[in-house]
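What follows is each chain in one-letter form.
Protein chains: 2
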Amino acid sequence: MDHHHHEQGSKDIESMEGAWRSIERNESSFYENEKESESAREPLLRKRTLNTTSQIAIVGANVCPIESLDYEIAENDLFKQDWRSRKKVQIFQYIVLKWTLALLIGLATGFVGFFNNLAVENIAGFKLLLTSTLMLEHRYITAFLTYGGINVVLAAASAALCAYVAPAAAGSGIPEVKAYLNGVDAYSILAPSTLFVKIFGSIGGVSAGFVLGKEGPMVHTGACIANLLGQGGSRKYHLTWTWLRYFKNDRDRRDLITCGSAAGVAAAFRAPVGGVLFALEEAASWWRSALLWRTFFTTAVVAVVLRSLIQYCRGGNCGLFGKGGLIMFDVSSSISTYSTADLIAIVFLGIFGGVFGAIFNYLVDRILRTYSFINDKGAPSKILLTITISILTSCCSYGLPWLASCTPCPADLHEQCPTIGRSGNFKNFQCPPGHYNDLASLFLNTNDDAIRNLFSGGTDNEFCISTLFIFFIAVYCLGLVTYGIAIPSGLFIPVILSGATYGRIIGTLLGPVSDLDPGLFAVLGAAAFLGGTMRMTVSVCVILLELTNDLLMLPLVMLVLLISKTVADSFNKGVYDQIVKMKGLPFMEAHAEPYMRNLVAGDVVSAPLISFSGVEKVGDIVLALRLTGHNGFPVIDEPPFSDAPELVGLVLRSHLLVLLKGKRFTKERARTGAGEVFQRFGAFDFAKAGLGKGLKLEDLNILQEEMDMFVDLHPITNRSPYTVVETMSLAKAAVLFRELGLRHLCVVPKTPGRPPIVGILTRHDFMPEHILGLFPHLHSHK
Amino acid sequence: MDHHHHEQGSKDIESMEGAWRSIERNESSFYENEKESESAREPLLRKRTLNTTSQIAIVGANVCPIESLDYEIAENDLFKQDWRSRKKVQIFQYIVLKWTLALLIGLATGFVGFFNNLAVENIAGFKLLLTSTLMLEHRYITAFLTYGGINVVLAAASAALCAYVAPAAAGSGIPEVKAYLNGVDAYSILAPSTLFVKIFGSIGGVSAGFVLGKEGPMVHTGACIANLLGQGGSRKYHLTWTWLRYFKNDRDRRDLITCGSAAGVAAAFRAPVGGVLFALEEAASWWRSALLWRTFFTTAVVAVVLRSLIQYCRGGNCGLFGKGGLIMFDVSSSISTYSTADLIAIVFLGIFGGVFGAIFNYLVDRILRTYSFINDKGAPSKILLTITISILTSCCSYGLPWLASCTPCPADLHEQCPTIGRSGNFKNFQCPPGHYNDLASLFLNTNDDAIRNLFSGGTDNEFCISTLFIFFIAVYCLGLVTYGIAIPSGLFIPVILSGATYGRIIGTLLGPVSDLDPGLFAVLGAAAFLGGTMRMTVSVCVILLELTNDLLMLPLVMLVLLISKTVADSFNKGVYDQIVKMKGLPFMEAHAEPYMRNLVAGDVVSAPLISFSGVEKVGDIVLALRLTGHNGFPVIDEPPFSDAPELVGLVLRSHLLVLLKGKRFTKERARTGAGEVFQRFGAFDFAKAGLGKGLKLEDLNILQEEMDMFVDLHPITNRSPYTVVETMSLAKAAVLFRELGLRHLCVVPKTPGRPPIVGILTRHDFMPEHILGLFPHLHSHK
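As you go down the protein sequences, you meet chains X and Y in turn.
For what it's worth, the UniProt record's numbering labels the leading residue of the first sequence as 1, then goes sequentially.
For what it's worth, the UniProt record's numbering labels the leading residue of the second sequence as 1, then goes sequentially.
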């Protein structure tokens, strides 16, 4: 083992430990210098850990270690051996399994999505039915206490699940899935416990009447299901286990989780094409045509499952699950030809939608930072915060309708007025018979039903303008304060809800001068808000089309989305990108930052480099593994084995641990060759386990006399890692790193005669915080 | 200049020319050995040119040179200088221009698409009106002669345009656009003359009643428009020229052409979302989120333009352009809940659709190979072939309806029967009043109207089963023989037409046992055929949804597409991939072939390598440029300038030509530095011109005394080309090459002490024909 700045001979452990101590000293002083440059827009983690290269992240209000994923194929001898011996039947097994898994992911996500809706419809329906029965009996206080009490109990239960069982399940989950698909694996974000809490926490949260959605959690749920199925459930099922070994690598896992997140969107919105596009536009960082097809297959399965289950429920077998279940808004208002004045109105709708969206993103960021201090204090304060917000929400949704006056029911109606059952456009509330309270129709309903009411066409005067104003302000503010509490909470529904109200306000105001339906304006308003916060275009457009089942409004939706996204982009980033950054997840952007052109790869490599000889002393390996957290080490052959120092390749920590566990050591420094290793190990012994599941250094039990023995690293060394020359611009190196999905990028010297490797670039070396920390003067070039 | 196997000293031109002669000898003997391995599935070019590495391609029946595109940023001194001096205002200009170009592409493609439809509707409408008027007067022979005569004249005119003006405009154009977006530029495929012929040839071809579509040509038209606008039209417009210089590189051109091809699909089908997905799934090889948005903007503009123009035409200002213009089939048949029996029928529909699609692809391939011998003989034989097919088509469409018996008009109809005007479901043909000929309704109509008739719902007994059988066989065969003649011809319409007939046959047969409408079966049949031939899934699905405006059939369409694609994939490749391969376009697949794992990069590099010194003699450069067709040369610094031979980087042919044209030579071998070059050149002097537009070697006028002078190559050398070690597996090198969109990939030696570069990999070195030519034993591993 060898720090390459040392000379060849001096390899004693003492000097190495000394070197390490000095590095640690340097680092701590480095971080202390960093302290002064804190600001409100920085990742939350910097304040907590003083670690600028973000080896840990905040996942669901907790700090946890993260790992980079590696999509490079490590071409070592074992891999080559495995490749040559791979039989036709194995390739067939792989293809069959790939499609079976896609099918299973679709089935499971479809069922979970349906179960989620069924539970919400029944719990929330029961709650609302009970409240309205009490209201009819004029027992208003009891009604409020019942309503608020059920909400608080549901909220507290969800928050407790989240806080004690799986903190990673809090929040939307889309930022975490997005980061995973970019190559960042944070501990437990896709664990079975997270899946469990995500499903039941989401049911509780939505039933508790919060202004939040089940769409984001469904995406996370889909990803968790995909991860779980890819692991084969548990080690107990030996039959599938042998087949599933093909999926024990980051590349196949990534594909499965892409399918899972698309399935999640498809299940949440009943939008199979929208799901594919969402995965493509927002979630995935890498994409290829073959994956498009597999994702499409998964979402098609979801659509079929949902359709069959809804068909089954039409028979009245599902309790209170009526037409309300699974949002699907048949707007189908015939669009009359729109005038120029309408177009101008729509342009303004888009512009202000963008502004509101940007403000929303800014405020979400600030509120999340504030909440993080509360959530830091532990599980009880998380639950307390959730209960506070729940009480606030209950007060709003029960209290504000008293401000609205009663409206007499319109004469020519197909539906009951006032509404008797659970859902419907005309809630009675405090009004005399034959009248309805339009604000209660929005507040005392599930969010899905409220959106359906807002989108409904041919109901121009159902909501008066003051009602819409009150509802807009309440929903916009409640949506802001709700995201960030410790329950699974999606952002789609709050954004659609406030956007639809905003659109309907505009539509109602324009009523006298426009031929367009206020329901159509509500759809356009929702599009404007979605464009302004999430900055998605094609997928939002297709999701809205599939929700409203009206293709003719496509050009208008497109126009609004383009305008609102453009406007909002001039203020800040999309809400998911913002959350990814705030959580400290080291996300690699698709494009290199401009200042990276002025740096070269050699400028940012982390020194000092720890490298191994081709045949290395066991003790040195163990020491290096113990002292560093590095996951890849260069292997260098030196004069007895080669003419001059020569880079053999890169060896991974996980492979080293497996090799050491095998204990095929030799007394002498001699090459044993690959044959020896093949006798001991099969190719899949080195397959990559999921995060936290692989061997750990503590699992090794190396005897003292073995520490002085040698082991040949050649067979497990990746002989051809991707390399760049130290003088390559950092921007070009970043493109290489990102496009190929690397975990380690070796930097080699430009001129001959120097040690054969300068350093290793990892994901953290490309992070703006790291680079700007090293070169503060670049801030001005930014 | 230096062949690296030579020793340092011997650099005389004689020895180099000797070397070259020996290479040429080797190559010719190599190609002669290749001759024996010909087969029917090989690229056509191999037979013609004996060039296995396909430096030329067949574009529209003519052989033409091709060039690889280069998406790597060549980081030489000039680029760095330019980057540092780039001002905020220039970045702003670039962004404004980017969006303006997207807008212009959308507008232009929308207008052209509308013009295309308008012309076809009027020409074909006039022809059909004239024919039916003559038929009503019982002048059957005159009617046939008029009908056939007009067809032949239109066909001959289109073929003449194609054969004499722009041979590249023949065929669909989608394979060429796909290859361009993969990085292959064949001469004149995006030229203004091609655009002209594509537009007018397509109008002629569609009006002539061929079984072909305008959809493929529209994609090519969109790409041509994008290319033309990106070039700024001509050098005359100096105002835009200075701004457009930012787009003089392959990367920005690629983005524009992606937008253009999406706009083409959007204009052809009025399917903006489908256009984006088509560009993503089928056309583009590289993709990123930002491009998704720009493409979406372009297609939105197309949709708005088309909508406005159709609105204008509703006023009756467009001649015969009625509801027939621009396919848009409002099926909107209410889907009754389907039974298990229906599902089984649909599964079989998908399976046989896949089989028919695979057979179609196989036969298209064989027929194209046969036609290529005819088309080879020159323009007159191309025109003759077209006229023959035209007469055959006329005979079928006028002759076959005589086989059908007359059907009495159904009683309860909203539309006229028999049809009086141009389009309509009930053509009178030879029948007495009050009757219609159902086969004539399909044949004597535009293809768009025939599809609309087949898709129409609630018309269960309009077509009898024998009619559908005759039409299916005729259309399937005519579609096959039509593709490949020298006119712009798309494959979408023939495939949809025969698929819809096939589906309607199944629907009619199942009529007694199924509740589903035969019109719905026609849509599903079209989906099955599209899946079976083109192998697209998501985009076809969305295009069909946007065409039929019925979202509820989505799960069924998905199911059919998945089945038919899976079935067809087990037989052969998609039709566009097949044509790309046959034309000899060196397309880089997204995944590496399995046998590439058994080879290393060093195995396939083309020897011998020609390299330059950092300061090189002008005469040697000129000679190397003259003797080789290489586009990149490594630059190596040698002992007077460095300690040991050291790779400086890569210099491009186009940059060398500009440098030589500048004539800043020195008498002595000395480094002049970058300053000298900056005085003479601006950054954009080295910007890449379009294919065939850059400087040529013949444009240089180097005097004899200048030949012995020296020029410093350092300022124009790309200092950090991407490199791989010679021992890296070819599969990994291919992934790097493809993902980064490279043109040259430098292979460096593994061990120190050897010349600093082993060779350069180009696109042709990764082609299966080249590799399997070098290593024939790999055929067995395939």
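Everything labelled a hint here was simulated from the structure, so no lab data went into it.
A few of these clues could be false.
Calculated pairs, DSSO-like style, for lysine-lysine (alpha carbon to alpha carbon, straight line, at most 27 Å) [to be verified]: (1) K98(X) to K573(Y); (2) K696(Y) to K667(Y); (3) K98(Y) to K750(X).
Going down the list of hints, with the structure as the test:
The straight-line distance between the Cα atoms of K98(X) and K573(Y) is roughly 21 Å, inside the 27 Å bound, and the hint therefore holds. Between the alpha carbons of K696(Y) and K667(Y) the distance comes to roughly 25 Å, so the proposed pair stays at or under 27 Å and holds. For the hint linking K98(Y) to K750(X), the alpha-carbon distance of about 37 Å lies beyond 27 Å, and the restraint is violated.
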